[in-house]
Structure formats: C-alpha cells, structure tokens
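The residues making up each chain are set out below.
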Amino acid sequence: MASMHKFPKQQPHGAATTADDFSIRLFEVMKRINEGIEDLELYEFRYALDNLIPEAGWDAVTLEGQEEIEQRIRSRDFYTGIQLRPRAGGRIVLDESIVCLNRILFAGLASGAYPEKWIQALFYFDLRGFYFVPRTVYFTEEVRTHFGNKPYRCFEAKQKRFERYQELGYKDFKEANAEIDQAFIDCVKEVIRARGSPMLITLAGPTAAGKTEITERLMAAIQEMGRKVTTIEVDHFLLDREYRDDKPMGRESSHFDLFLGSLKAILKGEKISIPRYDFVNATSSHDINSKLKAGCTPLEIEPADIIFMEGNFPFHMPEISSLIGLIVVYLTDDPIRLKRKWKRDIDYRKKYDPAYFRNRFFRTQFLRGEDIYRPLMKGCDIVVDTTGATLWVTPELVDILNLD
Amino acid sequence: MANMILHDPNVFSETLFKKMKRINPGILDLELYEFCYCLVDLLPVKGWASVVLDSRNEIEKRFNTREYYDGIQIKPKQGERVVLDAPIILLAQMLFVGLVTGEYPPEWIDRHFYFDIRGFYFLHRTEYFTAGVRAHLGGRPYKNFEQKQKRFERLQAVGYKDFMKANAEVDELFTESMKKIIAFRGTPILLAIAGPTAAGKTEIVERLRTAFKQAGQKVTSIELDNFLTDRDEREAKGIHSEGRPALHFELFKQSLEDITHGKKVSIPYYNSVNGTSSHNLDGSLKPDGVPIEIEPADIIFMEGNFPFLERDVLHLIGVKVVYLTDDPIRLKRKWKRDIDYRKKYDPSYFRNRFFKDQFIMAQIAYLPQMETCDMTVDTTGAALWTTPEIADILREVK
Numbered sequence: 047m048a049s050m051h052k053f054p055k056q057q058p059h060g061a062a063t064t065a066d067d068f069s070i071r072l073f074e075v076m077k078r079i080n081e082g083i084e085d086l087e088l089y090e091f092r093y094a095l096d097n098l099i100p101e102a103g104w105d106a107v108t109l110e111g112q113e114e115i116e117q118r119i120r121s122r123d124f125y126t127g128i129q130l131r132p133r134a135g136g137r138i139v140l141d142e143s144i145v146c147l148n149r150i151l152f153a154g155l156a157s158g159a160y161p162e163k164w165i166q167a168l169f170y171f172d173l174r175g176f177y178f179v180p181r182t183v184y185f186t187e188e189v190r191t192h193f194g195n196k197p198y199r200c201f202e203a204k205q206k207r208f209e210r211y212q213e214l215g216y217k218d219f220k221e222a223n224a225e226i227d228q229a230f231i232d233c234v235k236e237v238i239r240a241r242g243s244p245m246l247i248t249l250a251g252p253t254a255a256g257k258t259e260i261t262e263r264l265m266a267a268i269q270e271m272g273r274k275v276t277t278i279e280v281d282h283f284l285l286d287r288e289y290r291d292d293k294p295m296g297r298e299s300s301h302f303d304l305f306l307g308s309l310k311a312i313l314k315g316e317k318i319s320i321p322r323y324d325f326v327n328a329t330s331s332h333d334i335n336s337k338l339k340a341g342c343t344p345l346e347i348e349p350a351d352i353i354f355m356e357g358n359f360p361f362h363m364p365e366i367s368s369l370i371g372l373i374v375v376y377l378t379d380d381p382i383r384l385k386r387k388w389k390r391d392i393d394y395r396k397k398y399d400p401a402y403f404r405n406r407f408f409r410t411q412f413l414r415g416e417d418i419y420r421p422l423m424k425g426c427d428i429v430v431d432t433t434g435a436t437l438w439v440t441p442e443l444v445d446i447l448n449l450d
Numbered sequence: 177m178a179n180m181i182l183h184d185p186n187v188f189s190e191t192l193f194k195k196m197k198r199i200n201p202g203i204l205d206l207e208l209y210e211f212c213y214c215l216v217d218l219l220p221v222k223g224w225a226s227v228v229l230d231s232r233n234e235i236e237k238r239f240n241t242r243e244y245y246d247g248i249q250i251k252p253k254q255g256e257r258v259v260l261d262a263p264i265i266l267l268a269q270m271l272f273v274g275l276v277t278g279e280y281p282p283e284w285i286d287r288h289f290y291f292d293i294r295g296f297y298f299l300h301r302t303e304y305f306t307a308g309v310r311a312h313l314g315g316r317p318y319k320n321f322e323q324k325q326k327r328f329e330r331l332q333a334v335g336y337k338d339f340m341k342a343n344a345e346v347d348e349l350f351t352e353s354m355k356k357i358i359a360f361r362g363t364p365i366l367l368a369i370a371g372p373t374a375a376g377k378t379e380i381v382e383r384l385r386t387a388f389k390q391a392g393q394k395v396t397s398i399e400l401d402n403f404l405t406d407r408d409e410r411e412a413k414g415i416h417s418e419g420r421p422a423l424h425f426e427l428f429k430q431s432l433e434d435i436t437h438g439k440k441v442s443i444p445y446y447n448s449v450n451g452t453s454s455h456n457l458d459g460s461l462k463p464d465g466v467p468i469e470i471e472p473a474d475i476i477f478m479e480g481n482f483p484f485l486e487r488d489v490l491h492l493i494g495v496k497v498v499y500l501t502d503d504p505i506r507l508k509r510k511w512k513r514d515i516d517y518r519k520k521y522d523p524s525y526f527r528n529r530f531f532k533d534q535f536i537m538a539q540i541a542y543l544p545q546m547e548t549c550d551m552t553v554d555t556t557g558a559a560l561w562t563t564p565e566i567a568d569i570l571r572e573v574k
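Sequences listed follow chains E and A, in order. According to our numbering, the stretch in the first sequence is residues 47 to 450, in order. According to our numbering, the stretch in the second sequence is residues 177 to 574, in order.
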C-alpha cells in the first residue's frame with residue numbers, strides 16, 4: 047500500500063491557536079498587499095504560510111526599523127550573501143536571510159507596525175513563490191535624463207490585471223503588450239528607413255522580459271519590408287571555458303578582436319566566418335589566439351541588411367556601441383517576469399527546483415539591474431517598458447523619427 | 177508524408193500541437209513556443225521516428241494490470257535530479273506519435289487517458305464506477321446536477337474557491353442527506369468520509385461540521401493516524417500499510433465503541449515527526465506518553481484515507497461516505513496544494529507518484545470502500561449515489 051504521510055492535526059494540547067489567529071490577521075492584510083490573495087481560501091493561504099512559521103512562533107520575531115530594512119535591500123552585500131542552494135534535510139530550501147526578511151515583513155504587517163504603503167513601495171509579493179521580493183529600480187534619474195525625462199509614447203498599462211494572477215501565459219502577455227510592441231516595431235522600421243543598412247541591432251533585457259518573442263516579431267516585420275535579416279549569437283565568441291576563469295562576457299573572455307573585426311566586415315556587406323562555440327563541452331572552435339583549431343569548422347554568416355546580435359555582451363563598451371545602429375532594452379517589471387519565468391522554467395521546462403529558483407530570482411534581479419541593465423539603459427537608444435506601457439527614445443532618435 | 181513529419185522535429189511539434197488541441201482544449205491557450213518548451217523534455221534521443229507503437233489492445237491490457245503500476249519508480253534519477261520514469265515517458269512518446277500518424281484515434285486516447293498540461297504527460301483514467309460499485313449503489317445516481325467541473329478541463333490549475341463553487345449543488349444535497357440520515361439513525365453517530373488525495377475531503381468535512389454545529393450539535397473527530405504504532409516497530413516488521421497490523425487496533429475498536437456510546441475517550445497520540453506513539457505495542461500508555469482526550473459528542477468524524485477498509489469496525493460506523501473527484505481534477509488540485517503552496521514535492525517525483533498511485537489506491541482502498549459505503553459523492557460527475565437502503569431513508573425523512 048502506498049504510504050500516506052499525513053500529519054495528524056489533532057494534538058494533545060491545543061497549541062496551534064496563536065498560529066491560527068496570526069494567519070487570519072495576516073490573511074486580511076495581505077489581501078490589500080496583493081489582491082490575488084482574495085482568490086484564495088484561508089486554507090490555501092495557510093498551506094503556503096506553514097513553511098514560514100518560526101519555530102518559536104510568530105511572537106518570537108523581532109521587528110527591525112524601516113530604515114534598517116531599506117538600507118539592507120539596497121546593499122549589494124545582502125544579495126551576494128544569498129545562497130542559491132542551502133539545504134535542510136536533503137532538500138534545497140529558501141535562503142535563511144530571505145526567510146528572515148519575510149517573517150519580519152509578515153509579523154510587521156500583521157501587527158500594523160509597518161505601513162502597507164511602505165511595504166508596497168519597496169516590495170512585491172509573489173503568490174506562488176509566497177514571498178516578498180524587493181522591487182528593482184530600473185528608471186533612475188540618470189536613465190530618465192538620458193531619455194529627456196519623458197517617454198516618447200505612452201499606452202494603457204494593460205499588465206495591471208496580471209498583478210493578481212498566480213501565473214501568466216504567453217498569449218495574455220502578448221495581448222497586453224500589443225500597442226507598445228507595435229509602436230516599438232514601427233519605430234525600429236522608421237530608424238531603418240532613415241539610417242539605411244546594413245545595420246546592427248541588439249536587443250537586451252532581463253530574463254523572461256519577452257525578448258525571444260519580440261525579436262521574432264521584429265524580424266518578421268523587417269523581412270516584410272523586403273530586407274534580409276540574420277542573427278549573430280554573441281556567445282559563439284566565447285573562449286574555451288578553461289581560459290575564461292569565470293570572467294563575465296567581455297574583452298578578456300572572448301575572441302574580442304575577431305568579434306570587432308566580424309562586426310565591421312558584416313557592416314560592409316561581407317560574408318563572415320565566426321567561431322563556433324560548443325555549449326555542451328564549453329569549447330570554442332578557435333584557440334586562445336583566435337586561430338581555427340584543427341578539425342573544427344567555423345560558422346558562416348551570409349551578408350544581410352539587418353543583423354541582430356543576441357546575447358549578453360556588454361554592448362555599451364565604446365568600441366562596440368559605435369558599431370551598433372540600434373541598442374534596445376526590452377524591459378518587463380520583476381513581478382511579471384517572475385510569473386513568466388516560473389511558468390516557463392518550472393511548469394513547462396521543469397528545469398529548476400522551486401526553492402533554488404526563488405533564491406536565484408531574489409538574488410539576481412538587483413545585481414543584474416546594477417551591473418547590466420541600468421548601465422545599458424543610460425546609454426541605449428530605445429527602452430521598451432512593457433509593464434509601464436511606455437516607449438523611451440533618446441532625443442537624437444526622436445529627431446530622426448520626426449523627420450517624416 | 178507521415179515519414180517526413182516524424183523525421184523533422186519542428187514539423188512534428190507543429191502537427192502535434194494542432195492535434196493535441198483536440199485531446200485537451202487547454203492547449204488552445206498555449207503559444208507554440210510554450211508547447212515546444214515542454215515537448216523538448218520528451219523528445220526521444222533517436223528522434224520521433226524511432227518510437228515503436230504498441231497495439232491498442234496491448235496498451236489497454238497493460239494499463240489495467242497492477243504489475244505495470246508496481247513497476248513505476250517514483251524517484252528515478254539522472255545525475256542529481258529526479259526525472260520522469262521511463263515507462264511514463266514511453267507512454268507519452270507513443271501516444272504523441274500515434275496521434276500524429278493517425279495510428280491511435282483521438283477518441284480512443286481520450287477514452288483511456290487524459291493529458292495534464294502542467295505535468296505535460298498522459299495518465300490513465302482510473303475507473304471508479306465499476307459494475308460492482310454500480311450494483312451496490314442501485315445502478316444509477318440518486319440525483320445528479322449540471323457538471324460544472326467541465327470548465328476546469330482546460331485550466332492548468334484549479335483553486336479552492338472555484339472548486340467549491342462548482343460543487344455547490346451536489347455538496348448541498350449531500351449535506352442535507354447527511355442531516356436526514358443522522359436524524360433517522362440518532363446520535364451519537366460516527367461518520368466516516370473516505371476519498372482519494374485532493375478530492376476535497378478536508379473542505380467538505382469542514383462544511384459539514386459547521387452545518388451540524390449550527391444545528392446545535394456537538395461535533396468532534398478521531399483521526400485514524402493517531403492510532404499508528406511506533407514507526408520503528410512497523411518498519412522492523414515490514415508493515416507498510418495503514419491497515420490493522422499498523423494500528424493499536426484493539427484500542428481503536430474500543431475507542432469507537434465507547435464514543436458511540438456517549439463516553440469520553442482517551443486515545444493515543446502519534447507524533448508523525450518522530451514517528452512515535454504515546455502508547456506501547458500492548459496498548460498501555462508510555463511513561464512519558466500524553467494521550468488525546470476526546471469529550472463525548474453527538475457527531476464524531478473519523479478522519480483518514482481508509483476509515484472503513486477494516487471490516488471489524490464497519491458496524492460501528494453510522495454513515496460511510498466516499499467523496500470522489502476525478503483524477504484529472506485532483507491532479508491539478510494536488511499540484512496547486514502540494515507543489516505551489518506547500519512546496520513539498522519535486523515535480524517529477526510528484527508526477528511519477530500520481531501516475532503510479534491512482535490505479536493501485538483504487539484497487540486496494542477506494543473500490544473496496546465504494547462497495548461497502550452508504551453514499552458516494554461524485555463531484556466531477558455532479559452526482560450523489562446512495563445504496564437503495566439510504567435512498568429509502570432519504571425519501572422517508574422530510
């Protein structure tokens with residue numbers, strides 16, 4: 047007989063009452079923090095909350111000052127200290143500092159010590175993950191200034207309704223972004239018409255922002271204009287893993303000169319031959335001196351009008367950015383990306399352990415925002431903010447667009 | 177043509193994507209992208225053309241034999257990770273290929289299997305209303321309603337609120353029927369509600385409790401699990417069931433007798449974390465053991481998955497109910513509860529186990545209980561089934 051590991055609910059002493067009272071109070075407050083909680087029964091809420099009950103009970107949680115919390119979630123050290131795979135009893139669990147932060151926020155909310163507005167300004171609560179995650183700031187003063195302090199186009203923010211969803215599919219996401227995506231595509235077409243080809247385009251954006259989908263649509267739209275489109279996957283320029291020493295993609299970890307040379311050549315309308323990176327064995331077809339290894343074949347890329355560069359190269363490096371005709375950041379807010387990524391990588395691909403996934407998402411958004419996206423945003427040509435439904439275009443590009 | 181489809185993974189995916197919309201309309205809500213993300217995991221190493229199809233007869237036979245399910249591993253590993261068990265993958269591959277080539281008609285697949293979108297795999301439909309069960313329950317439902325769970329078929333997840341709403345009519349009739357039977361049979365009375373995992377037992381018991389309390393009756397419960405003996409003892413003896421050998425059975429029987437006679441009882445406490453009982457094997461209280469005291473009550477719920485599997489206590493139970501929900505809906509509910517909310521299981525382990533357990537549990541627990549129950553609530557079929565005897569009571573009591 048298959049065994050049933052059920053916990054008898056009945057216990058000698060009626061000890062569970064405090065936890066029950068706490069959960070009833072918290073349930074009511076949380077409905078205002080994330081409206082999606084209204085779709086839950088108290089049962090369901092408790093199933094999820096059970097994992098976070100402190101051993102010594104909710105009364106044992108010591109609250110911290112609001113400023114202290116604000117400081118912590120703005121410090122890099124807090125995020126780098128988060129472990130991705132902490133284990134308890136053979137299983138990966140949520141990192142202790144994430145658990146701790148969540149307990150403090152829950153306790154402070156239930157007791158009324160923390161204003162709900164303050165929590166909402168700094169954190170979002172993901173229902174499936176059942177945890178608070180700090181909101182990453184993408185539009186800093188510098189970024190806004192770079193774009194002349196106002197968006198080029200604004201639409202109705204239709205992703206609003208996803209806030210209460212537990213999960214989010216591709217179709218709903220695409221529908222919500224229809225207007226902003228179309229405006230973006232039209233904008234790129236205008237730039238191509240005005241600046242001519244060949245042109246290099248890069249489209250960067252955080253994980254699960256929707257890059258693959260928009261790139262595909264953009265390519266189709268450009269082909270409809272009668273232009274030939276091709277793609278260069280930047281990762282093919284990586285050196286063998288053993289030469290990279292975990293360095294991020296950049297000058298020292300890639301066939302950098304070959305990369306620059308290839309870009310220049312394809313911009314002259316030439317066919318290029320580039321390294322081929324074997325993602326399974328983590329080796330390049332080219333040696334450390336960027337010479338083809340014996341027995342390896344390079345990748346051939348035919349000339350094209352519009353060349354998409356895919357990958358996470360630091361495109362803002364001056365030698366490179368001067369070659370790129372259009373640098374785009376395609377952005378979707380963290381709460382939405384978390385739902386999309388959960389659906390894609392856990393529901394569909396079954397790629398990650400959910401606890402590992404939660405730790406990693408919590409840890410990396412802040413760090414990536416600081417290391418990659420904010421630097422890129424203050425130097426790029428276009429930012430598509432799908433959640434805000436706003437299109438940001440640099441003043442120079444606006445001039446080009448307004449020529450017609 | 178068929179050959180070309182099998183040799184080109186992209187063409188295969190597109191064709192399958194179209195055909196799967198007929199098998200599970202929920203696929204209509206997916207983009208081809210999303211479908212392909214899932215399908216990648218099931219792509220045979222040597223390509224779709226390498227999949228050898230078994231005959232429909234063979235398949236039907238296999239899925240109605242216990243050995244097949246016994247052979248399913250719940251934690252097969254590839255490296256560090258638990259993966260879907262090979263026979264489960266093979267089934268999905270065969271059905272995909274058979275569907276694409278036309279070898280297996282969609283109606284045939286649909287009759288024997290259901291496709292879960294999140295799990296992205298096929299499972300055999302467990303049969304609960306066998307000839308034996310139907311005969312015991314008078315051949316047809318006492319009453320049935322509109323099947324509102326139909327619309328859950330295309331959902332990837334089902335929440336508690338939607339589920340409760342969909343069952344409102346049959347749940348209400350069930351509650352009223354319980355009241356009538358209790359009125360007829362008198363109190364104290366012991367009620368036992370059995371049902372497969374995630375069928376909705378906890379919720380319906382909660383609603384019944386509230387209804388009885390509102391009617392001024394005193395309600396309590398006895399959990400079968402609290403009668404388990406020390407885990408070490410059971411493991412030493414190789415007892416893996418929760419049947420009689422696993423329990424302080426004499427204490428159990430005596431407790432049921434006493435409480436149905438209006439007496440206060442003192443029952444063992446089983447600590448499932450340490451796997452220890454408050455009582456020794458001979459039924460005496462351990463020196464440090466603390467029993468659970470249960471005050472007399474009018475209505476006593478017996479909780480557990482198999483409350484009336486043990487024939488020696490059948491006569492003590494006033495009303496025996498099986499609360500049933502079909503496998504596809506339970507899978508979605510359980511996924512939401514145990515993976516989304518509780519984060520209790522690895523999804524692959526969960527998929528293997530659900531695939532394996534439903535047939536086995538039906539054979540050893542639910543079908544036998546359905547054949548001895550007074551009532552079966554089929555929430556998916558939106559039907560209340562009763563024995564002819566109970567049907568008479570329901571007609572008699574106003």
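Simulated from the structure, these hints should not be mistaken for lab results. C-beta: ideal position from N, C-alpha, C; glycine also. Be a bit skeptical, because a hint or two may be false.
Listed next, with one range per pair, are the computed distances between beta-carbon atoms [to be verified]: (1) E:Arg71 x A:Met340: 57 to 63 Å; (2) A:Leu204 x E:Ala134: 27 to 33 Å; (3) E:Ala240 x A:Gly278: 49 to 55 Å; (4) A:Leu204 x E:Ala240: 38 to 44 Å; (5) A:Leu204 x E:Arg71: 48 to 54 Å; (6) E:Glu113 x A:Pro463: 49 to 55 Å; (7) E:Pro161 x A:Pro463: 51 to 57 Å.
The hints, checked one at a time:
{"no.": "1", "hint": "E:Arg71 x A:Met340: 57 to 63 Å", "result": "23 Å, violated"}
{"no.": "2", "hint": "A:Leu204 x E:Ala134: 27 to 33 Å", "result": "41 Å, violated"}
{"no.": "3", "hint": "E:Ala240 x A:Gly278: 49 to 55 Å", "result": "53 Å, holds"}
{"no.": "4", "hint": "A:Leu204 x E:Ala240: 38 to 44 Å", "result": "41 Å, holds"}
{"no.": "5", "hint": "A:Leu204 x E:Arg71: 48 to 54 Å", "result": "41 Å, violated"}
{"no.": "6", "hint": "E:Glu113 x A:Pro463: 49 to 55 Å", "result": "53 Å, holds"}
{"no.": "7", "hint": "E:Pro161 x A:Pro463: 51 to 57 Å", "result": "53 Å, holds"}
Figure legend: structure checked against the earlier numbered hints; hints not met, in rising order: 1, 2, 5.
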